[in-house]
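Asks: From first to last, the protein sequence lines are chains W and U. For the first sequence, our numbering begins at 1 and goes up steadily by one. For the second sequence, our numbering begins at 1 and goes up steadily by one.
To be clear, the hints were calculated from the coordinates, so they are not data collected in a lab. Careful, some of the hints might be misleading.
As the list claims (entries may be wrong) - Calculated Cβ distances over 12 Å to all of chain W for the following chain U residues:
no. : residue
1   : Pro90
2   : Tyr97
3   : Cys103
4   : Leu117
Said to hold, decoys possible - Using 30 Å as the maximum straight-line C-alpha spacing, the simulated BS3-like pairs for lysine-lysine come out as follows:
no. : chain 1 : residue 1 : chain 2 : residue 2
5   : U       : Lys107    : W       : Lys140
6   : W       : Lys84     : U       : Lys102
7   : U       : Lys102    : W       : Lys99
8   : W       : Lys139    : U       : Lys131
9   : W       : Lys84     : U       : Lys87
Said to hold, decoys possible - These stretches of chain W come out as covered by chain U in the derived footprint (C-beta under 8 Å, 3 or more residues):
no. : stretch
10  : 69-77
11  : 154-164
12  : 177-185
13  : 196-209
Note that the Cβ used here is the ideal one computed from N, Cα and C, for glycine as well.
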Amino acid sequence: MRRRSCRRGFGNTAIGAVTVVALCTGAWLLTGGGETNAPPQPSAAEGRPDPVAGHTAARALPPSPPDRIHIPAIHVDAPLMGLKLTSTGSLDVPPAARKNLAGWYEAGTTPGETGTAIVAGHVDNADGPAVFYDLGALKKGNTIELDRLDGSVALFTVDAVEVYEASRFPDQKVYGAARRPELRVITCGGGYSRSTGYQGNVVVFAHLSGSR
Amino acid sequence: MRRTARLLTGTALAFAAAGLATAPAYGGERGSLEVFPSNAVPGGDVTVNTAACGDDGTAAGDASAVGAGTFTLAPSTHEGDAIGQFKVPPSAQPGTYEIVAKCADGKEVTGDLMVTLASMRQQVQPRGSVKTGVGGALGPDPVQTAAGVAALAVAAAGGTWLLHRRARGDGI
């Protein structure tokens with residue numbers, strides 16, 4: 001009899017403990033669990049050295065529009081569409097509904113050609129993370145691959161990952177002409193405000209390091 | 001006379017409207033020849049592609065207008081587009097030239113190539129930031145929410161059981 005009540009007491013304690021733990025875990029998970037789901041942002045260490053690092057780029061490729069972008073380090077594999085400018089002169093963006101679609105500025109330099117080629121894609125859409133959600137997690141030295149219509153693949157090496165406020169966006173640094181084949185990959189980033197959305201952009205700077 | 005002109009204008013507008021209506025939302029216009037870069041320099045390479053020749057279609061390209069002769073468009077992995085390349089002769093004069101591609105089935109498509117001198121070539125750069133996010137990733141994670149609800153359900157079941165035992169006088 002005594003043994004039975006002892007066993008019962010142990011069972012009650014265990015169930016009580018499980019109940020308390022479950023209660024705390026449930027409350028923690030439902031109140032956000034400390035995780036904000038904010039896209040990763042680059043650290044200062046990934047910033048661009050000034051003056052620009054003088055890596056010698058690989059020989060420029062002939063112009064050919066790109067077809068797909070791969071960024072193995074952040075598991076990006078997405079088709080590219082042509083982008084134009086909006087009426088205010090800013091770069092247009094792909095339709096937000098298609099989360100795995102990026103775009104390139106088709107009136108500009110094609111990726112691999114001498115100059116600055118520009119690729120942009122969404123960090124998220126109304127449903128959640130999109131193609132460039134992890135762009136801010138890229139590091140110097142990571143590789144970006146662009147499949148081109150002529151069948152070649154342009155390989156770019158990341159020089160820097162920066163985040164800029166929209167109100168102080170350095171047009172010339174990001175979009176300006178380059179003497180070697182370079183690439184910019186752009187998505188939204190910086191702080192987020194419920195009324196005005198993301199406060200700026202994450203910009204990846206890369207140069208052509210090879211092709212195949 | 002004026003009436004004829006008006007009639008002609010009307011017809012032209014109707015055709016233009018029909019053309020606009022059938023144009024796709026973006027990219028890869030079927031039935032035209034895309035030219036990259038559309039604004040090239042003498043001595044530069046040019047790539048052309050078209051979806052007009054159907055899947056795995058080849059085409060004969062003709063860039064003789066700019067003095068680059070003929071070239072071949074071969075099928076590519078890009079949605080079955082036929083793709084070809086040629087070089088603008090270093091002696092080419094600035095101007096707009098029509099590039100022609102004739103599909104194996106006889107269909108003909110054209111695209112414009114503008115040749116400008118290197119010093120004149122000016123790209124329009126985009127300006128300002130890019131609107132590439134709405135914050136949709138920042139809401140509660142559905143998996144996390146489900147896990148939280150499940151944990152609370154376990155807690156509720158445990159609590160109920162314990163209260164039940166207590167009410168029965170089993171002692172805790």
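Asks: For every hint, state whether the structure bears it out.
Replies: Going through the hints against the structure:
1. Under the 12 Å C-beta cut-off, the non-interface status given to proline 90 of chain U relative to chain W holds; the minimum distance is some 15 Å.
2. For tyrosine 97 of chain U, the requirement that its beta carbon stay farther than 12 Å from each beta carbon of chain W is met, with the minimum near 16 Å.
3. Separation of cysteine 103 of chain U from chain W is adequate, the least Cβ-Cβ distance of about 18 Å exceeding the 12 Å criterion.
4. Distance check for leucine 117 of chain U against chain W: the nearest CB is about 16 Å away, which clears 12 Å, and the non-interface claim stands.
5. Distance check on the hinted pair: lysine 107 of chain U and lysine 140 of chain W sit about 49 Å apart at the alpha-carbon level, beyond 30 Å; violated.
6. Of the pairs offered as hints, the one joining lysine 84 of chain W and lysine 102 of chain U holds, with about 28 Å between alpha carbons and a cut-off of 30 Å not exceeded.
7. This hinted pair does not check out: lysine 102 of chain U and lysine 99 of chain W have alpha carbons roughly 37 Å apart, beyond 30 Å.
8. Simply put, lysine 139 of chain W and lysine 131 of chain U have alpha-carbon atoms about 23 Å apart, close enough for the 30 Å limit, and the pair holds.
9. With a CA separation close to 26 Å, the supplied pair lysine 84 of chain W and lysine 87 of chain U stays within the 30 Å bound.
10. Proximity of the stretch 69-77 of chain W to chain U, defined as three or more residues with a beta carbon under 8 Å from a beta carbon of that chain, is not established by the 0 residues found.
11. Given a C-beta distance limit of less than 8 Å, the hint that chain U covers the stretch 154-164 of chain W is violated, as 1 residues qualify and 3 are needed.
12. For the stretch 177-185 of chain W, the stated coverage by chain U is not satisfied: 1 residues place a CB nearer than 8 Å to a CB of that chain, which falls below the threshold of 3.
13. With 4 residues carrying a beta carbon less than 8 Å from a beta carbon of chain U, the stretch 196-209 of chain W meets the three-residue requirement, and the given coverage holds.
Checked against the numbered hints above, the structure violates hints 5, 7, 10, 11 and 12; every other hint is satisfied.
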